[in-house]
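Asker: Chain by chain, the residues run as shown.
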Amino acid sequence: MTPLLEVDRLVAGYGDSLILQGVSLLVWPQEIVAIIGPNGAGKSTLLKAVFGLLKTRQGQARFQGRDISGLPPERLVGLGMSYVPQSSNVFPSMTVEENLVMGGYASKSNPAARIKGMYDMFPVLEANRRRKAGRLSGGQRQLLALARALMLEPVLLLLDEPSTGLAPEAVSTVFDQVRRIQEGGVSVVMVEQNARQALLLAQRGYILSGGQNRLDGPAADLLHKPEVVRLYLGG
Amino acid sequence: MYKTQRLPRLMAGPRRSRWLLAGLVAASLGAAAALTAPELLVNGLLLGCALALGAVGLSAAYGILKFIHLAHGEFMTLGAYLALFFLMEVLPALGLDSAGLGLFTFGYALLLALPAAMAGASLAAVGLDWAVYGPLRRRSAAPIVMAMASLGVAFALRALVQMVWGNGIHQYPRASREFIQLPLDIRVPPDYLFLGAAAGIMALLLQVFLARTRIGRAMRATADNPVLARVSGINTEATIRWAWVVSAFLAAAAGVLLATANAQLRPELGWNLLIPLFAAAVLGGMGSIYGALTGALVVGVAMEVSTQWLNPSYKSAVAFGILLLCLLFRPGGLFGERE
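Keeping their order, the protein sequence lines are chains P and B.
Per my numbering: the first sequence = residues 24 to 258.
Per my numbering: the second sequence = residues 1094 to 1432.
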C-alpha cells in the first residue's frame, strides 16, 4: 500500500528563517494523524508548506505517489486535497451557502447536490444558510470551514488547530465531526494545541519541536509515554 | 498570534444600527438642502451618481488589490477622451454622427461611443497591470510602493492625454436643449437625468455581476480572504485582472457621462475628481461597494448644495473637508466598524 501523503525531510520557512528543518510525515488512507508540539514548533508551517502556501527549500512532499512540492494551492485542490486554515477560514461577508459554493469553485459541475449533502451532515448550516458567515458563532464557523473544505470530496483534509477559540462543547462537536469525516473515507491531518484530546481522536501522532520530528507512533502509546505526558500533555 | 481580521468587504452591507446614523446625516443634509436649494439637491444627487461609479471602482480596487489607486481618476479622463475619439474620428467616418437625441443634447452616437470607451479603458487597465502593478505585486511590493507607482501612472496617463488631444477644452457633438422643469421649480439639465439613469443601471448590473456570476463571486471571495480564496482553488491573479476590468469600466463610464453632462472635457477631469472620489469611498468605508454608492451621493449633494453659500470653485474643498472629518472621527467610514 502506498501512503496517501509522504513528506520527506521538508525544509521551509518565511524569508531567511527556516521554521521547518527537515520534517517527515506519513499519512495512510482513512486515518487521523495528530500533529502536536509546543508553540513555534512548526506545526502550522508544515501544513502551509504541504499546501503550497510557502516555498519549500529542500525535501519533498508526495501525494498519492505524485511529487507535489512547489505546486500552488489552486492546483492542489483539484487533486483531492483540502486545507482549513486556523483562523480566517470562512468568507465573512458571504452567506453560508455562498461559502459552500466557493468551496466547490474548482469544480465546474453544479454544487447543488454537494451542498445538500453538507446540509445533511451539518444541519446547523442549513438553518443559517442565508446568514453572513461573519455573524456565525465560533463553533458554527468552524463547522462551515470544514464543510467548505469538503465540497470537492477530498481524500485528504489538512486541519490547522480546529479547536482554536472554541468553547469546550463546541470543541467536542467539531472533533465528533472530524471522526465522522474519517468514517466517510477521508484521511485527516490535524494540528492541535489541545494535545490530549487530539491524541484521543487520532490513530497516530507526531510530536514536533524546533522544526524537527521528536517522536511519532500510535496515538494510544504516545498518550501513555511518561516523557510525552510530562513535556507535552501538561503533567 | 492571529488577530481577528477586519478586512474591507466588497459587499459588506451597512449594519442596521449604522443605518440610523447614516439616515440622520442624510436626513439633516437633505432637509437643509431641500429648504434652501432644492434644485442644487437634485443636481447634487445626479452628480453623486457619476461620483458613485468612480468611487465604487476605487473601493473595489482597494478591497481586492489592497492599495490606494491614485490613477483611478485618470481612467475617467482616458475613458472620456476615448469617447471623444470615437465621436469625432471613428463614428463620423462610418456615417454615424448625430446630436440631439430626444430631450438630450447628445446623439445616439454617444450610446455607441460610451461602451467603446469603457472597453478601451478596461484594456488599458489590464495593460497597466501587466506592465506595472503585476510585476510589483509578484515582488510583494508594500502598499505604499504600489500607491506611489499608481501616482506615476496617473501623471503618465494625463501627459499622454495632453500629448494626443492637447491642453485645451473639448466638447462632444451637441445640440442645444431646454432644461427640464420638475415640480418645486427645479430645473435640471436633461443630460443630468441621463447620467443618473445610466449610473443607476450600471450599479444594478454590478450588483448582479457580484452576486450571481462565477467571476463576481471570486472577486468578493478574494476581497474577503485572499488566502482562503487561493485555498478554494480561485486563481487570484485572474481575479485581479477582472477587478481592473470592472473598475476601469465603471470609471470610464463616469468620465464619459460627466463630460457629457458638463458639456466640456479637459485633461484634468479625473485628477480634479480624485478628492471627491476618495471622500466618497472613505465615507462609505474603503472596500465596501454599497458604502461607496451611499458615500458618493452624500458627497455629491454636499458639493452642489455648498454652492448656495460658497463660491463654486470651493466644491473640491468641501469634498476635502468631508474626507478630513471622516478620517478624524470615523476612519472606518459611516458604516464601518470603529477600530
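Wrong hints could be hidden among the right ones.
Here are some chain B residues the structure puts well away from chain P; computed CB gaps all over 12 angstroms [stated by the list, open to error]: (1) Gly-1156; (2) Gly-1220; (3) Ala-1296; (4) Val-1320; (5) Arg-1323; (6) Val-1324; (7) Gly-1326; (8) Ile-1327; (9) Ala-1331; (10) Ser-1409.
Capping the alpha-carbon separation at 25 angstroms, the derived lysine to any residue pairs in SDA-like fashion look like this [stated by the list, open to error]: (11) Lys-78(P) / Gly-103(P); (12) Lys-78(P) / Ala-1235(B); (13) Lys-1159(B) / Gly-103(P); (14) Lys-155(P) / Ala-1235(B); (15) Lys-78(P) / Lys-131(P); (16) Lys-131(P) / Ala-1304(B); (17) Lys-1159(B) / Thr-118(P).
Chain B is faced by these chain P residues, among others (derived, beta-carbon under 7 angstroms) [said to hold, decoys possible]: (18) Tyr-106; (19) Ser-116; (20) Gly-126; (21) Ala-129.
It should be emphasised that the hints constitute simulated quantities derived from the structure, not laboratory data.
Since we're looking at a predicted model, the values are computed, not measured.
Here a beta-carbon is modelled for each residue, glycine too, at the ideal position from N, C-alpha and C.
Asker: Confirm or reject the statement that Ala-1296(B) sits farther than 12 angstroms, beta carbon to beta carbon, from all of chain P.
Answerer: Answer for Ala-1296(B): holds, closest chain P Cβ roughly 18 angstroms.
Asker: Does the structure keep Lys-78(P) and Ala-1235(B) at a Cα separation of 25 angstroms or less?
Answerer: Roughly 20 angstroms separates the two Cα atoms, so the pair holds.
Asker: For the pair supplied as a hint, Lys-78(P) and Gly-103(P), is the alpha-carbon distance within the 25 angstroms limit?
Answerer: holds (20 angstroms)
Asker: Need the status of pair Lys-155(P), Ala-1235(B): alpha-carbon distance at most 25 angstroms?
Answerer: At roughly 31 angstroms apart (the allowed maximum being 25 angstroms), Ala-1235(B) and Lys-155(P) break the hint.
Asker: Need the status of pair Lys-1159(B), Thr-118(P): alpha-carbon distance at most 25 angstroms?
Answerer: holds (23 angstroms)
Asker: Regarding the assertion that Val-1324(B) does not contact chain P, is the least Cβ-Cβ distance greater than 12 angstroms?
Answerer: violated (5 angstroms)
Asker: Is the claim that Val-1320(B) lies outside the interface with chain P correct, judged by CB distances over 12 angstroms?
Answerer: Violated, since 6 angstroms does not exceed 12 angstroms.
Asker: Take a quick look at Ser-1409(B) and tell me if its Cβ sits farther than 12 angstroms from every Cβ on chain P, holds or violated.
Answerer: holds (32 angstroms)
Asker: For Gly-1156(B), which was marked as not at the interface, is the minimum beta-carbon distance to chain P over 12 angstroms?
Answerer: violated (10 angstroms)
Asker: Is the interface hint satisfied for Gly-126(P)? The criterion is a beta-carbon contact with chain B at less than 7 angstroms.
Answerer: holds (6 angstroms)
Asker: Against chain B, run the beta carbon of Ala-129(P) and see if the smallest gap drops under 7 angstroms.
Answerer: Interface hint status for Ala-129(P): holds (3 angstroms vs cutoff 7 angstroms).
Asker: Any Cβ of chain P at or closer than 12 angstroms to Gly-1326(B), or is the non-interface label fine?
Answerer: About 3 angstroms separates Gly-1326(B) from the closest Cβ of chain P, which leaves it inside 12 angstroms; violated.
Checked against the numbered hints given earlier, this structure breaks hints 1, 4, 5, 6, 7, 8, 9, 13, 14 and 15; the rest are met.
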